[in-house]
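**Student:** Put the two chains together into one complex, using the hints given.
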Amino acid sequence: MSTQVLFGQLLVGLINGSFYALLALGFAIIFGLLGIINVAQGTFYMIGAFGGWMLLNYAGIGYWPALILAPLIAGVIGMALEKTLISRMYKLDHIYGLLLTYGLMMFIMGAFIWFYATAPRPYPVPPELGGGYNLGFMFLPKYRAWVVVVSVVFCFATWFVIEKTSVGRNLRAATENPMLTRAFGINVPALLTFGFGVGVALAGLAGVLAGPIKNVTPLMGGELVIVVFAIVVVGGMQSILGAIITGLSLGVLEGLTKVFYARGSDMVIFVVMVIVLLVKPAGLFGKEK
Amino acid sequence: MADALSLSIKDLQAFYGDSHVLHGVSLDVAAGEVVTIIGRNGAGKTTTLRAVMGMLERRTGSITLGGKEVIGAAPERIARLGVAYVPEERGIYATLDVTENLMLPRKVNDRGMSLERIYKLFPNLYERRGSQGTRLSGGEQQMLAIARVLRTGASLFLLDEPTEGLAPVIVQQIGAAIELMKQEGHTILLVEQNFRFATRIADRHYVMERGRIIDQIPRAEIAARESQIQQYLGI
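Taken in sequence, the protein lines are chains G and L.
If you're matching positions, the first sequence starts at 0 in numbering that gives the first Met the number 0 and goes up one per residue.
If you're matching positions, the second sequence starts at 0 in numbering that gives the first Met the number 0 and goes up one per residue.
Bound conformation, chain L alone (with noise of 0.2 Å):
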């Protein structure tokens, strides 16, 4: 198994130009937890995983991976400790065809998966291995942004949303991706508005509001308390 990495924010806050988005976020995800942070749109959910990404221009307050402060590092910096982020627009490139897609993100270590096994576990990503990364479906890209993070030997895995807007048979394939990562010991950080998806593969859920962390349910709380998790998604 890999050695997962553990990732720990404090205080965190972040900006977009002049508007102040995180406004003191503190949360833990140990070596090996899947935790999930759910919440109403423009939560600041997306922004937290941008600011661990090292994507914001202006943040303050800690960051630590395996206990190595990284607030202030540059992305790469970030992506060689062994950070895979797959975004929620999917980043997929117009100009690289899918094996190049597969291909850029640089290897951390030989840990990861080979291209082989990734087609294996993709076989709609084999037969269109050729094709420009934008000429994909919906659901093909977003496999593609998962499977193209499996190569490099990460450890610590930011999902934002990766089920929003596919259909069940491309959200079950998703899922076992997931399940395999989380399987092979890996720590995972997933913003998800699915709390079914959720609920499914997290240890915890952290429930983000205007930009603070609100509350937070383990897994055994859920059941009791759903109707608290259906108001604070607004459903």
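Chain G on its own, in the form it takes in the complex (with noise of 0.2 Å):
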């Protein structure tokens, strides 16, 4: 095997990993804060990139203002289900936000296959992106290289806002006892709406990061939050860190398994949640009750 190849698939696999970590990232918050499993995170995802095609297509705005809109608009929805539907979940048990949202997945997709079909839909790579580095032992195109740095830039962005500002203090403390948040004077419901907000604005980010390489489609969701669910479940529920180092890792670990034993690397990612399941159920990060 050629080194070709095997930093191919790692290059391959970091940049599935910054996806995974962005989403998985979006999804911890959410669960944390507001407990409600959010199916439809890859719709956001799918929101995100289209929102990016839409904004090129439809009213002539190219990438770098989308990289910015998009996640935009992906979180401005977000907020509107969050007031209108989602807040009506979190005095019942988990399963009826995962349902809620499972359907809100069914019908976002739906309605967009009605009106653009299935056929993938490509997205030109910005001009200042394009090309790449010779780099001797392989061929890094410098959009891929991209990719990868915005996303690891932002999940730790987002993890230093939650761990080191105000405002992250306010979201720990109404994702460890709401009530009594409030009792301090901080406006929790509102924080819940932003919380879920930035979750899925992380999932619109990914969504227009991925343009460019994957193509635009209404399905470009739907697998991918299965994977995403299972980083989640390895990296701890409510971990930020789990969520962005497992993200990260386990796209890497997919993308060698395509070079070592290629008929396994769909299922690499589900062997370990196994493990980690029966090894430490609260997950890698994550913290025993």
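Hints in this document: simulated from the structure, not taken from any laboratory.
Nothing false has been slipped in among the hints.
Here are the simulated DSS-like cross-link-like pairs (lysine-lysine), alpha carbons at most 30 Å apart as the crow flies:
hint, chain 1, residue 1, chain 2, residue 2
1, G, Lys163, L, Lys106
2, L, Lys106, G, Lys82
3, L, Lys119, G, Lys163
4, L, Lys67, G, Lys82
Negatives, chain L to chain G, calculated, CB over 12 Å:
hint, residue
5, Glu68
6, Asp109
7, Leu120
8, Ala166
Sample of chain G residues facing chain L (criterion: CB under 7 Å; computed from the structure):
hint, residue
9, Arg168
10, Arg171
11, Ala172
12, Glu175
13, Met178
14, Leu179
15, Arg181
16, Ala182
17, Phe183
18, Gly184
19, Ile185
20, Asn186
Here the structure is a predicted model, which is why all the values come from computation and not from measurement.
Just so it is clear, CB atoms sit at the ideal spot from N, CA and C, and this is done for glycine as well.
**Tutor:** Now the structure itself:
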């Protein structure tokens, strides 16, 4: 096997891992704060990608503004859904939130298929990021390097905000004891809406980044969310750092499996999930109850 | 001196799920007054404080703060009117360190204590400022729970058994902090099982039993009614 193939798959793994990390991070924030298992996380990834495609094709707005706008659009849609529908689930068992977001996923995906069918739509790589670097042992396309860098930066920026700032402090307090946090004058319901918006905006960001690499189609989020779910379980359902590290590393593991045992690459993440559930049910970074 | 808030509760009914916990509680705390609610476990003392704080789903009757009706208000709104709450279980956050626990409650105005002053008052907390909140000892957690509400500039304090299960030396320190709040003219509604502690600082006592206020004892009558009080508390 050539090093070209090895590093090529490593890069593919890192890119997938970047998307996993962004989606899993959003998922963990939403689950921790709202207690909602957001099955529609992949849908917001698709909305981000489609948002970018629509901005370009209907409004002539290019990649760079879309990188900001599409996640914002996903976030605003998310906040509207939280206010109108998801907030009604908080007093119920987790399963109701899961069912509601599952329904939302099917509805939104169905609506996109109705209007756009499932044929993939290409999204061009922005000219500034065309071409690549010849590293000797492999060819590194600029755009792919960019995706990894942006994802990692956003993941760790989000982690920093949650762990080190006053907004993050309020979010952590609201996650741990919502009622008492309200009694300290903090508007927790507004914070929940905001948290949901941030969580889905991260998925939207992954979607815009994915546009030029993966084709834009209404189906793109559906498969991804199952992998993301496994990653969140491995990392620990509420763990922010766990979601980021597990997302990136399982993406790489998946890429490496393609090199060494291609047939196993689709299931390796789930095998890891099963092992982790058996050995450490709260997840690698989760706290045992 | 701060403009302390007065509290007036009239015919308060409160429920936990299907169980009816408060049956028409009425009490008044004047601005700057220190009042305790005493009574046995399960009498409804904690529920009364939680109802004032807006933390119960179902409550009816009237609760006014400085004349303003808040029976239907959300907890964050009540807090922003200048009410501070120290819960019985202390409510220290495990995911926040000591300083973050202190900084969490939203400031109501600029009349509260500075962080430096709070740390001067509670040197133990300063030493452990970077520790996870729940790593502190029980006494330190109670100090933190009280210290936490001194920063906000609130003027009505609801304190739920601040001395419960603490060593005498720590009770003294907590007592000094409450004394300080009183001197600054704040209004305090205190739930306390430790009657000796309560009599030292309170102007008046309400006695609660089975979700009702059954008696009221002014400071001057405490000595004369000692045996009756002991009976109320089941000592």
